[in-house]
Amino acid sequence: MKRVVITGAGTINALGHSVPDTLEAMREGRCGIGDLEFRDVERLTIKIGGQVRGFEAEGRFNRQQMTLYDRFTQFTLTAAKEAIEQSGIEFHGDTAARSGVVLGTAGGGVSTWDDNYRAVYEEGKNRVHPFVVPKLMNNAAASHVSMEYNLKGPSFTVSTACASSNHAMALAFQMVRSGAAPAMLTGGSESMLCFGGVKAWEGLRVMSKDACRPFSANRNGMVQGEGAGVFVFEEYDHARARGAEILCEVVGFAMTSDAADIVMPSKQGAARAMAGALADGGINAGQVGYINAHGTGTAANDKTECAAVADVFGPHADNLMISSTKSMHGHLIGGTGAVELLACIMALRDGVVAPTIGYEEPDPECALDVVPNEAREARVDYALSNAFAFGGLNAVLALKRV
Amino acid sequence: MSISDRVIAIIAEQAVLEPSDVTRESTLEDLGIDSLGLVESIFAIEEEFDISIPFNANEPASSDFDISNVGAIIDGIERLVSEQKG
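Protein chains in written order, with my numbering: chain Y, 1 to 402; chain W, 1001 to 1086.
These are calculated hints, taken from the structure and not from any lab test. Careful: at least some of the hints might be erroneous.
[As the list claims (entries may be wrong)] Which residues of chain Y face chain W? A few of them, derived with a C-beta cut under 7 Å, are:
#1 ARG127
#2 HIS129
#3 PRO130
[Stated by the list, open to error] Taking lysine to aspartate or glutamate pairs in the EDC-like style, the calculated list, with each CA pair at most 20 Å apart, reads:
#4 LYS2/Y with GLU249/Y
#5 LYS125/Y with GLU1048/W
#6 LYS125/Y with ASP1030/W
#7 LYS125/Y with ASP1050/W
#8 LYS125/Y with GLU1046/W
#9 LYS199/Y with ASP40/Y
#10 LYS125/Y with GLU1040/W
#11 LYS47/Y with ASP210/Y
Using N, Cα and C, we set each Cβ at its ideal position, and we do this for glycine too.
In isolation and in its complexed conformation, chain W is listed as follows (with noise of 0.2 Å):
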């Protein structure tokens, strides 16, 4: 599976969806995904890919990952997979 489709099978499991109704314009919103939801599909994708995304639930914005969209998501871990562990 590709780092898209592992990253959106989390995502997914997450929101309690098919993979196939989680698209990469999805928002956490559309998606029913709350805080306490977004640090555990972090805490789950740092687990899959075995790397460390630098996001502080505090200030979610200003964090140096963008959780926009799942569209968004998917770069910033590829970007951190290939730094990591390239």
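Next up, chain Y with everything else stripped away, as it sits in the complex (with noise of 0.2 Å):
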């Protein structure tokens, strides 16, 4: 078997339109929520979300390239360009040949299918333009990556709702570490907050009117955001001969299906996908520094999941940190995992753990070390990164400082 690192990451969400500033932000606390913005908002009872702002398609993409890529595109094509240009990887013979990218998303060109719907059924229109099935498709993101660098090897969509960027990103390991693929682009994108897309959400009556206090005992509910995460995992000899910076490692994950409900989490299945991911990486639990927590600030995840920890480390389970930054960035659904790893990576690189913001009040069924309101100092050795998702399909990652 085949050691893994990232070699290069990227991203674009409600925090920072980079790496870089999506980290000071996490390392600040900063929240990235904020009134949404878009036609027909008003029409919503839930109006608050992480959006990204200040993004300007137009300039970064040329005019035919506007009419192919829906925003979830634009997202993840600007994520990987910062990933690969990090990475400094380049494809072609046999690396380009064998390489691939895989991505999760889950609604895939949401505002697409929204604007298209209201052209039809709205405005009555009877003509859609020829694009709309390219633009919406899911796996639209990742065959722009693969035709824009060249990746030749395997690449597919993965949707599995929240959970989807972890489960990509597992499969994506799963090949480098099999010595399958020399290196894999991998992570996932959302952008949901559109009319239609928030309009679905409100449904289930798990959205928060006001913030994202995951772990807080006043919390009452969930946070959408957007945004996309892209890494460059790869084969650590490889990273190696061509003296890439190596950011973290990638040692072990656990997939896990619930087969219970299709909305209400299970302990046993969250437990058994992060019992499952330490012992793939041949980890004691005793060496986990750091848990980036699924952490939706909804009721029922924080306190099963607070559960689940608690039975898989046993006493450990005091001595770790846990945090949501989802308080920060929302809930960025099948693209939320990615963003997320960016916060196993600052801790295990640069010693800063994560914060979860919003924190207010104590719950004693979330009694552990939610790391609250601001970041800290922590040498970290290993890290877990939890994605649980509806219909209890569960991914988890676990990952080593180098």
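Can you join these two chains into the complex? Each is in its own frame, and there are hints to help.
So, in structure tokens, the structure goes:
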């Protein structure tokens, strides 16, 4: 089995348009959630979200590209560019033939669906642009990344709701670890912040009208975000041979299914995923210093997740730090694990643990060190990143400091 | 603008050329318009004239719409406009 390292990272999200900007915001405990701005927002009950601001697609992409790129693809390509440039990796010859791109998204081109349904239903138009399908399809972003960077190996998109990115990165990890691919572009993106995208979530009645306060006793729901995170997962010797900077190592993963309920999380499913990732990476529970929580800020998730952590880690659960950065960037749904992986990289590489902001009241059912409100300096050797999706599909990644 | 000028303007924009560079004799291939660009042009022409063009990208040759060159396209559009809007 090969060792797998991360040699490039890119992002765009409500906290920043790059990895350095995002990490700075996480260190400062800044909140990227604010009033949503888009057509018909006044008809929504939920009017806040972690929206990407000041992002001008014009100028980044040419006219033909603009007709083909939904916002989720624009986010993906922006993040992929940053990751590839940082990594310095180039894809040609055998490396190109065997390397691919695996990305997660829950909704794909949601605003393209939204805009065109409006056109045909609301405005009564009988004709839509010919590129509606290639623009909205869930694999559009992965395909454009493969075309842009000449990735000719296995490429596809994974859609497992809120765990999409973690499932995608777990598969990419598996491909590099097995030797099937020397490198993989992986991560995910989401762009659901349009009228239809938020209206659908409103229906579930799990959204907060004011803030995302994970683990806090007065938490009242999740807040949506948008954006992308993309990484270069690379075989260790391949990275060393070209002198690449290594951000951290990916050492294990596990995926489990609750096989129980379409929306309610299960402690056992979450616990089996965390324990599985530790076992896969050959990690003792006591070595884990940080967990980036799924931490949605809903009543159900946070207490279930904390109980699962207590089960897996026993007394060590009180020694480790667990934070939810969704309090800052919102819940990026299919892209969330990718942006949250950045908090793990910051903990491992920089020794800075991102906080859970908006934390106001301790909840006895979430009695762990949730790094409330302020980032903390600490040496972290191993970190986990949790994602637990609707549908009971769980994916946990284990990472190591290098 | 005449129908001819409006069609040429749309095709020129698709080809990223000046309208003066597009003549009746130009073929889509000459202008560098590929199959996706053709479908996009047909959409733009339908929008411009609010007409429906009988074109199937699977079998362009047997469609009831001649795209062998710009002149043929213009003639076809003029006929469709008079049929559908007349």
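Tested hints:
Annotation: ARG127/Y was flagged as interfacial toward chain W, and the flag holds, the nearest CB pair being 6 Å apart, inside 7 Å. For the restraint placing HIS129/Y at the interface with chain W, the shortest Cβ-Cβ distance is roughly 6 Å, inside the 7 Å limit, so the hint holds. The beta carbon of PRO130/Y is positioned within 7 Å of a beta carbon in chain W (closest approach about 4 Å), and the interface hint is therefore held. Between LYS2/Y and GLU249/Y the alpha-carbon distance is near 11 Å, which keeps this suggested pair within the 20 Å criterion.
Annotation: proposed proximity of LYS125/Y to GLU1048/W holds, straight-line Cα distance about 13 Å (limit 20 Å). For the hint linking LYS125/Y to ASP1030/W, the alpha-carbon distance of about 33 Å lies beyond 20 Å, and the restraint is violated. Restraint check for LYS125/Y and ASP1050/W: satisfied, since their Cα atoms lie roughly 11 Å apart, inside the 20 Å limit. At roughly 12 Å between alpha-carbon atoms, LYS125/Y and GLU1046/W fall within 20 Å of each other, so this suggested pair holds.
With a C-alpha separation of about 10 Å, the suggested pair LYS199/Y and ASP40/Y falls inside the 20 Å cut-off, and the hint holds. At roughly 17 Å between alpha-carbon atoms, LYS125/Y and GLU1040/W fall within 20 Å of each other, so this suggested pair holds. Distance hint between LYS47/Y and ASP210/Y is fulfilled; the C-alpha atoms sit about 9 Å from each other, no more than 20 Å.
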